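Residue numbers (the working numbering), protein chains in the order written: chain P, 1 to 263; chain W, 1 to 318.
It is possible that part of the hints are untrue.
[Claimed, not checked] Quick list of in silico lysine-lysine cross-link-like pairs, BS3-like style, CA-CA up to 27 Å: (1) W/Lys105 <-> P/Lys171; (2) W/Lys277 <-> P/Lys236; (3) P/Lys258 <-> W/Lys19; (4) W/Lys159 <-> W/Lys124; (5) P/Lys32 <-> W/Lys292; (6) P/Lys151 <-> W/Lys180; (7) P/Lys180 <-> W/Lys187; (8) W/Lys210 <-> P/Lys243; (9) W/Lys93 <-> P/Lys151.
Hints listed in this document are in silico derivations from the structure and should not be mistaken for laboratory results.
In this text the structure is predicted, and so the values were computed from the model without any measurement.
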Amino acid sequence: MPKVCVCVKHSYDVSEIKVDPSTRAPVLVGVKKKTSDFDKNAIEEAVRLKEKLGWTVTAITYGPDDAKSALREALAMGVDEAVLVTDPGYEQSDTMVTSRFLAEAIKKEGPFDLILLGEVSIDGYTYQVGPRLAELLGLPQITHVRRLEVKEGEVVAERDLEEGYEVVSAKLPAVVTVTKEINEPRYPKLMDIMKASKKPIKTLTAADLGIPDDKKGAAGSGMEVLKAVAPEMKRKEHVIKGKEPPEAVAELLDLLAKEGVVR
Amino acid sequence: MSIWVYSENPDLMLELLGKGRELANQLGAELGAIVLGQGVASKAEELAYYGPDKVYLVDHPNLATFTAEPYTSALAGLANKYKPDAILLGATKRGNEVAARLAAKLNVGCVTNCTGVSIDPDTKLLLLNRLVYGGTAISTQRCKTKPQIATIPPRTFEKASKTDRKAEIIKEDVAVEEPKIKVLEFKKKEFKGVRLEEAEVVIVAGRGVKKKEDVVMLEELANLLGGVVGYTRPLAFDLKWADQWVGMSGVVVKPKLYIGVGVSGAIQHVAGIRDSKIIVAINSDPDAPIFKVADYGIVGDLYAVVPELVKALKAKAK
Chain P
1 MPKVCVCVKH SYDVSEIKVD PSTRAPVLVG VKKKTSDFDK NAIEEAVRLK
51 EKLGWTVTAI TYGPDDAKSA LREALAMGVD EAVLVTDPGY EQSDTMVTSR
101 FLAEAIKKEG PFDLILLGEV SIDGYTYQVG PRLAELLGLP QITHVRRLEV
151 KEGEVVAERD LEEGYEVVSA KLPAVVTVTK EINEPRYPKL MDIMKASKKP
201 IKTLTAADLG IPDDKKGAAG SGMEVLKAVA PEMKRKEHVI KGKEPPEAVA
251 ELLDLLAKEG VVR
Chain W
1 MSIWVYSENP DLMLELLGKG RELANQLGAE LGAIVLGQGV ASKAEELAYY
51 GPDKVYLVDH PNLATFTAEP YTSALAGLAN KYKPDAILLG ATKRGNEVAA
101 RLAAKLNVGC VTNCTGVSID PDTKLLLLNR LVYGGTAIST QRCKTKPQIA
151 TIPPRTFEKA SKTDRKAEII KEDVAVEEPK IKVLEFKKKE FKGVRLEEAE
201 VVIVAGRGVK KKEDVVMLEE LANLLGGVVG YTRPLAFDLK WADQWVGMSG
251 VVVKPKLYIG VGVSGAIQHV AGIRDSKIIV AINSDPDAPI FKVADYGIVG
301 DLYAVVPELV KALKAKAK
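Okay, chain P solo, but in the shape it has when bound:
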């Protein structure tokens, strides 16, 4: 049976990130993590291939031990096998290192007929991992897919681009990144969640994948983050409260006229 691999990221829930008022740095400690939204769509699409065509589905994540919960969710949604690729240098890894670990794990667990992942992660938002994986694996890439049809040895996909929708085909194997529009991810049943909690999760390390020290963590990364601070929104914050609408509107229009944005 053909095999599909779905790559998932256990991401920071960005809506929960707060800013340290004194340093203006984002505070990540204690922030809840979850399976990145778009990757859930990728899981759903993979599980539908299993249901429709009998493919087997492997979920792979690169992350720390807590990333297992993303794999548990994937298993509960119907994925057959789950692989945690882990390394102590994870937090310092850029997309180059992430893609390297994922590509090596895909080679080791494969061959796969199709590799699915979200178009972007909710926390990193780089759009890089899909195309990088495709290059490292020497496969065609089809990004931003909102509709996917898998046929014998081929995929037909509709991509969502700025100016229009592009329908393309490619021979399998291929790397496909999906948008949130492609499907509605299922909510696993309690029974499936319980079953998933007992399924084995395979762990792979840099040593298992033959990745040397200078190719991982900060040392293996192609870029570095020098700083991250919350942008200062210097706005006037002039809020009109407790006034009747006609009065409030008159005041607002007056202010906007002074700014020169309304006549």
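Given chain P's structure and the hints, the job is docking chain W onto it.
Below, chain W without anything else, positioned relative to chain P:
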């Protein structure tokens, strides 16, 4: 030393040439413009007047239709031959996918969607600013490998203007991969009137707007102000009121006047309106986060405030 720029989007290419010229001058570097396609010699001729020192042209049948693999291989072929210090690409969806694949091919780092580019005085490397964590923070990043690869979204920098100076055009015969993807069809998106990203006034409907019919009221307001109506993600995506939304994951706007109507101000939305000149919020909840990032706001029921605003603007217009 050299900086290269490339985008398949003609407007964005001029913006990259504008910023590229500025960076090249600061570094005393050469500015290279890349032109890829089939039968595109005239494009190279034209761009040669927009400030580059050299135009590198790859004219090849495999580049007749834009697909990632041949475009990436052409860029990689040029980069391997000439070893530029940095390559700035347009952060369209096509541009980002080529940038990332190129970075993997060249085994280098890449920073996508940069809203700021400057030069580190010590290392002479590019300092790249991008939003991270859903717009919570702006990070400063730096490539450790060369060529440095970064992508820049549309409308971030000023376009280069035409000059009298013509750059040298270098026609290159680099190896170009066969396309791996077959393009079967392209269905153009229909845009009515002014595009959101280009509008001078943007009125955004948020979750406070209860029914789709109520948007008529906002359209009336938009017409009076010479603007267009946009939506937040929950309305566009979850409720399917529109194909696109305003926000970090959708359309980034920078109008002269933004009015959020019933918009709460989630960080992902705010990240997409941050560069608006004036931000106005109308919301019944005085604690809505949008008020913290607004210049002016009215705490009140939008169903009372918006009609009043329409009435007042109509009276003014008379």
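Contradicted hints - numbers only: 3
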